[in-house]
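Since the structure of chain A is already known, use the hints to place chains B and C on it.
Protein chains in written order, with this note's numbering: chain A, 1 to 119; chain B, 1 to 285; chain C, 1 to 658.
Think of the hints as simulated: they come from the structure by calculation, not from any bench.
If you're wondering where the values come from, they're calculated on a predicted model, not measured in any experiment.
Where a beta carbon is used, it is the ideal one built from N, C-alpha and C, also for glycine.
Treat the hints with caution; some may be incorrect.
Said to hold, decoys possible - Computed cross-link-like contacts, DSBU-like style, restricted to lysine-lysine with a CA-CA straight-line distance of at most 35 Å:
| hint | chain 1 | residue 1 | chain 2 | residue 2 |
| --- | --- | --- | --- | --- |
| 1 | B | 61 | C | 167 |
| 2 | B | 95 | A | 26 |
| 3 | C | 649 | C | 569 |
| 4 | B | 60 | C | 511 |
| 5 | A | 54 | B | 61 |
| 6 | C | 511 | C | 649 |
| 7 | C | 296 | C | 517 |
| 8 | B | 60 | A | 54 |
| 9 | B | 127 | A | 54 |
| 10 | C | 514 | C | 29 |
| 11 | B | 91 | A | 83 |
| 12 | B | 23 | C | 562 |
Stated by the list, open to error - So these bits of chain B aren't anywhere near chain A, every CB distance computed over 10 Å:
| hint | residue |
| --- | --- |
| 13 | 24 |
| 14 | 34 |
| 15 | 110 |
| 16 | 148 |
| 17 | 155 |
| 18 | 163 |
| 19 | 197 |
| 20 | 209 |
| 21 | 236 |
| 22 | 237 |
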Amino acid sequence: MSAPSASAATHDAGHSGEAHGHEESKYQIYVQIAMLLAVITGLEIVAVYLPFAKWLLITALVIMSIVKFMFVIFYFMHLRWDKPFCTILFFIGLVLAGGTALALIALFAAEASVPLPSL
Amino acid sequence: MSSHAGTIDHHHDPSTSTGIPNKKLLMWAFLASDCMFFATLISTHLIYRLHPPAGGLDPKKIFSIELTSFSTFILLMSSLMMALAVTAIQKNNVKSCRWSLLTTIFFGMIFLGCQVYEFEHFVHEKKMTLSNSMLGTTFYTLTGTHGCHVAIGVLWLSLMYVRSFKPAQPDPQRRRWFSRNLLHALVLVAALLLSLKVTLALVHAIQVEPTFGSALSHFVRGDFIYLVGMLLSFGGLVWFARPAGPVDFNERHAVDVEGMGLYWHFVDIVWIVIFTVVYLLEYLK
Amino acid sequence: MDALAKTDFQTKDGHASTQPALLAHPTAKTGLMMWLTTVDHKRIGFLYGVFALFFFLVGGVEALLIRAQLMFPNGTVLTAQQYNTMFTMHGTTMIFLAVMPLSAAFFNFIMPLQIGARDVAFPRLNAFSLWTFVAGAIILNIGWFLPQATHGAPDGGWYGYAPLTSKNFIPKHSIDYWVMGLQLLGVASIAASLNFIVTIINLRAPGMTMMRLPVFTWMTLVTAFLIILSFPAITIALVELMMDRNFGTNFFEVSGGGMPILWQHLFWIFGHPEVYILILPAMGIISEILPTFARKPLFGYPIVVFSGAAIGFLGFTVWSHHMFTTGMGAVATAAFALATMAIAVPTGVKIFNWIGTLWGGHIVMRTPMLFALGFVWMFMIGGFSGVMHAAAPADAQQNDSYFVVAHFHYVLIGGSIFALLAGIHYWFPLMFGRKVSEFWGKLSFWVIFVGFNVTFFPMHFLGLNGMPRRTFTYDSNLGWNTPNYIATIGAFVLGIGIMIYFIVMIYAFFKGEKVGKDVWDGRTLEWSLPVPPPEYNFRVVPTVHARDAWWYEKHHREEVAKENDEHAKAEDAHGGIHMPFGSIWPFVTSLGMLIGGIAISALDSNPAPGIHLRLALTLAGGAVMFIGIYFWALEGNEGYHLHLDRDGKPVEDPHAKH
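In isolation and in its complexed conformation, chain A is listed as follows (with noise of 0.2 Å):
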């Protein structure tokens, strides 16, 4: 059930001018952003093959799969043109997800967490 406001006749009022006009550009943006994810992706691909130092590999795989995340929830899935809460709250779930598992892997990457060798 939703709360009334006090004038909810306004359904329309808060229409941007601006929203109107991106709404028209907006097929371009999602088939560039596409096809930049692409290319990403095939960098990512091409990278592994790299007969670069490890570290410096991992750390650009990472930052490819962080950027490639960045446009798809920005983008295709509008936080950027949305209410804030939206983002604050999804940030919440992936802030905490990421927090958790770098906790884990690091408490099993430990030297006390090295399992015994087999009996």
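Showing chains B and C alone in chain A's frame:
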């Protein structure tokens, strides 16, 4: 709720305290929860890659980076199609929305097909099963859970596609739409499953037989019935999609398509993480 | 209200039969069908409460059996196997089937009223959560009734540590039912919490900014976030356990390269936020009761809210303090010890704010206040023993001893239960229009208070003297005899106290003194309603001008009356009050999950007699669930409209062409 003639502001719902539509907020909260869900699974996989059991399987010898890259591209394209479906219905363009939904489903099924093929290949040729190795345990559970999310998404998309045909007029058509809807949905699901079966059978035949010609006859001998079923169901889909007057599906329903779109994109971004962390990182070792 | 709801099947435009019969909206206003199809948050809250209180008694009986077994050394009341089942089920029942649903009862009934809403954002999803909770409760307890098929009720401990729960050590299905029951409860909790988050963020009355929300509503919000973010971890842990047991995977299977310690991590990543899920609603209730009965606003409202949020967040950073003795290494242990000590800070801050609320107030000693004061003191004691655990070296001795049992019972009974019992007394007049007798309420408090302390205070000493947890008996020469004996006496006194409380409450429900509106001269919006509240909650959605919105309304009556008249006209002109139809489909969906859940738990990966039946039943359950979802999706949510006169009675629509 209230009926609107003319444009709806899809970014603002005045009946809510924040202006964010309730369904959209619900989906974002659910996705925040789903982040923890996948983080736990991914962590389990990574922990066991940190400490693999002695004599364990080597992913480099098992994974096929070509296949997985292909399916990654496919999923990205499906994400694009989904975004286009949402914008289409926000502009009240039902036909364009339907086509975009169908292509999203199509790409989603290709992704699933690649995954089914990959799993079969890993089990039969590479001898990696769920229970005979740590890698198998964590890999199948993680990617299988993701695949289940994709499958649920494909089902949801199919039901949304079928829903877009609900007629706008009152009775007597209204009573019949429900059974039509159900039948249409069943035919679509059948079409998807049969297409999957046919494609995989064809691929299998091509791999097993030396020439394309013998592969075709191998396929026809064994799986012709599925091909027939697939073609019949495609025919059914065309029949159900005949224009039949105004439909009760328009920009008022954009929020539902958008919610579904958020879910679909989320499944895509989880795959972005999985592709890097499960597949690509292995090739650096 | 019946006069307005058309008989037969309702459809969008009021005509009969343009919808297929299956999509027609149920119109039952009484009887079983009403309860099965209700989407009214107040009725759903009531059902949660009834089930929770029932399971609270079940958990209590399980506890008394444990204490009876431990009354004397070498007791013979229970066998070791039965004892394992008792402590497993006592813990699981109390946490998941008593405290959590009792909190949910209050979230459902009270929270929408506090924010000035007519219902939650997704009423059918709310009903689904309730019925899925019932399904989960059934699956958890089914082992008592089908001992042959299920091999008894779950017996692996409430935290089901690997490898005890593996097929090697517990080959029977008891653990599978435990897993499935918890999964369904998780689905129910997450669905409900998503609903509450959207409700609190989006359905607030005009003028109800976040910093004017009652603290109970804030705690509902923080708890909801904790639930949606922590349950996924246990969902995955349980999936991994189920796969180990039934599909031969190696997640916790050492011979396959698995590490049982992973279970502990995944479980406690859920399990620690879970204990904050258990206590934050209680803190919210206390934050409502203390100001009401101290006749003063809550001291330091912003700090109390912020501390609640801080506790919620920090709750995710401390999980391995349950694992100090597992050898994680010095760095990890120190990090978690520090975080655990840090979380004591916002908790302590809240206690100081509650004391500040009482200070200089005019204390009115009614039963809810007695329980609330008991909460502050008992929870503090539990907090002290908690801080003692935070010191990892000390915890090396305390862990897995009765010291821990003492700690968590002080925070869970002295904390959560006291607050929930306080809340029942506090909101009883609102929910049922009757008051519980002061004398008997206070008496029940004192018996409970004495019984509780006599039971659990000696356990601190038992723990420090080395008595381990989860052992079904002890020898007579270890120095543990007297405290155990005293604790058992205390437990039965506590049982008597709970009995008095229940009898008094049931009596009050049927025959209690009838009271009118706002019996405690409250501060928050739920007290502005007639008792019991009408189906539509508010005749006119209130406009909020300040924190403690009802208190403001009571002191600005004219201003508010004028506002309400204007809003009433506006809402009426818009078509009246929009009410949702009931629906059977959430119930059907949950029923499908119940059938499928039972059948899956009984599946074996090795073909065994009945494998086909089990598979068929699983598919049937899935089909029923899918049918439920399908009709739910298609039945539409247009609802019906009510027009009210000045007294809140429904009238015919003045503009109608019905």
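Do the hints match the structure? See the list:
no.: 1; hint: B:61 <-> C:167; verdict: holds (32 Å)
no.: 2; hint: B:95 <-> A:26; verdict: holds (18 Å)
no.: 3; hint: C:649 <-> C:569; verdict: holds (15 Å)
no.: 4; hint: B:60 <-> C:511; verdict: violated (74 Å)
no.: 5; hint: A:54 <-> B:61; verdict: holds (19 Å)
no.: 6; hint: C:511 <-> C:649; verdict: holds (26 Å)
no.: 7; hint: C:296 <-> C:517; verdict: holds (20 Å)
no.: 8; hint: B:60 <-> A:54; verdict: holds (16 Å)
no.: 9; hint: B:127 <-> A:54; verdict: holds (29 Å)
no.: 10; hint: C:514 <-> C:29; verdict: holds (24 Å)
no.: 11; hint: B:91 <-> A:83; verdict: holds (20 Å)
no.: 12; hint: B:23 <-> C:562; verdict: holds (34 Å)
no.: 13; hint: 24; verdict: violated (7 Å)
no.: 14; hint: 34; verdict: violated (8 Å)
no.: 15; hint: 110; verdict: holds (15 Å)
no.: 16; hint: 148; verdict: holds (19 Å)
no.: 17; hint: 155; verdict: holds (21 Å)
no.: 18; hint: 163; verdict: holds (22 Å)
no.: 19; hint: 197; verdict: holds (29 Å)
no.: 20; hint: 209; verdict: holds (30 Å)
no.: 21; hint: 236; verdict: holds (31 Å)
no.: 22; hint: 237; verdict: holds (26 Å)
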